[in-house]
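Enquirer: Put chain B on the given structure of chain A with help from the hints.
Number of protein chains: 2
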Amino acid sequence: MNEPDDSFWMRMAIDLAIEGRTAYGAVLIDGEGGQIGGFNTTPLHGPTAHAEMNIIRRMTELDYDEASELVLYTTVEPCPMCMSAVVWAGIGKIVFGASITEASRYVPQIRINAQDVAAASWLHIEILGGVEKARCLELLENSIG
Amino acid sequence: MNEPDDSFWMRMAIDLAIEGRTAYGAVLIDGEGGQIGGFNTTPLHGPTAHAEMNIIRRMTELDYDEASELVLYTTVEPCPMCMSAVVWAGIGKIVFGASITEASRYVPQIRINAQDVAAASWLHIEILGGVEKARCLELLENSIG
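If you read the protein sequences in the order shown, they are chains A and B. Letter 60 of the first sequence, counting from 1, is numbered 60 in this note's numbering, and no numbers are missing. Each number in this note's numbering corresponds to the 1-based position in the second sequence with 1000 added.
Just chain A, same shape as in the assembly (with noise of 0.2 Å):
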C-alpha cells in the first residue's frame, strides 16, 4: 500500500465536509500517523466555528515535539481568521483545495489570503494550495441554495 499523500488527506477532508453537509472539512496531522478531523460547524458553534479552527483548538490530542511538524489540509484555502491561528499555533505547513478568489465566487470572502496572513508573520510556512481542487469546487458549487 502507498503511503497517505496529499490527495489521501484531502480527500479525507473532502469526506469530512461531507459528513457535515459544509463544503469546509479539514484535517491535522502529525508525523506519527495521528490525524484530527472536523468541518465547519458555524450553524451550530458561532462564526468563529470554521473547519480549521475546531480541529486547532484540539492540537493538543495530538503526539509531536514542535507545532511545526504538523500539517493542517483543507478543502478551501483558510481565510485570515483560519490562516492567523495557523501562525498562533506554529503549525509549519497547510495544504488547501480551491483558493479564497475561486471560493469568493460562491460566498462573500475576506480577500487576503494566506500567503500574504503567512508573510506578515515571523514564521515560514508552507503553503500548496490546488491539491483535489475540482473535488472541493464541486463541494462550493453543490452548498448553494
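No wet-lab data here; the hints were simulated from the structure. By construction, the Cβ of each residue, glycine as well, lies at the ideal position given by its N, Cα and C atoms. Incorrect hints may have been included.
Derived Cβ-Cβ restraints for the label pairs, each shown as a range [to be verified]:
#1 B:1124 with A:122: 29 to 39 Å
#2 A:143 with B:1007: 42 to 52 Å
#3 B:1130 with A:33: 26 to 36 Å
#4 A:141 with B:1138: 21 to 31 Å
#5 A:4 with B:1063: 47 to 57 Å
#6 B:1033 with A:7: 50 to 60 Å
#7 B:1015 with A:126: 39 to 49 Å
#8 A:134 with B:1066: 46 to 56 Å
#9 B:1019 with A:61: 37 to 47 Å
#10 B:1058 with A:111: 43 to 53 Å
Covered stretches of chain B, going by a simulated chain A footprint (3 or more residues, C-beta under 8 Å) [to be verified]:
#11 1025-1031
#12 1043-1049
Expert: Showing chain B alone in chain A's frame:
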C-alpha cells in the same frame, strides 16, 4: 451619573486583563446594557483563545437584533484572527487601546491591521483606536518577563 462612554468600557477591558494576568482584555456590548467580558486564556486553552475570540464565541448571550449593533472594546488592536472573526460575526464597531504596531514592540505580531481586514471584507466596520492607550501600553510593558 454619566452614560458609560468608550473610556468606561475600555477601563473594564483593562480590569479584565489585569484579572487574567495578561495584557489582553476585551468587552463586547449590546445596545441594551448587556455585556460579555473576557481575557486572553491561551496558556490554558491554546493559541486561538485570544480575549476577543473568547467573547465572540459567547455573543449569543447578548441581546440584539443585528450583530452590527454590537461594539467590541479591546486593550490591543485585534490581530487578523480576531478581526476576521469580527467580520464573520458581523460586529459593527471596534474600539481598541494600543495598536498592533505598538504591541509588536513587546510581542511578535501578524502585521495586518484591523482596518486592512475590514477593507478586504464586504462590511463597513467602524474602527476607533487609541482609547486609554497609555494604560494599555502599560499592560503590555508589565506583561514582559
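Enquirer: Each hint needs a verdict: does it hold in this structure or not?
Expert: Hint check:
no. : hint                          : result
1   : B:1124 with A:122: 29 to 39 Å : holds, 31 Å
2   : A:143 with B:1007: 42 to 52 Å : holds, 44 Å
3   : B:1130 with A:33: 26 to 36 Å  : violated, 50 Å
4   : A:141 with B:1138: 21 to 31 Å : violated, 52 Å
5   : A:4 with B:1063: 47 to 57 Å   : holds, 48 Å
6   : B:1033 with A:7: 50 to 60 Å   : holds, 53 Å
7   : B:1015 with A:126: 39 to 49 Å : holds, 42 Å
8   : A:134 with B:1066: 46 to 56 Å : violated, 38 Å
9   : B:1019 with A:61: 37 to 47 Å  : violated, 29 Å
10  : B:1058 with A:111: 43 to 53 Å : violated, 28 Å
11  : 1025-1031                     : violated (count 0)
12  : 1043-1049                     : holds (count 4)
Hints 3, 4, 8, 9, 10, 11 from the list above are not met by this structure, while the remaining hints are.
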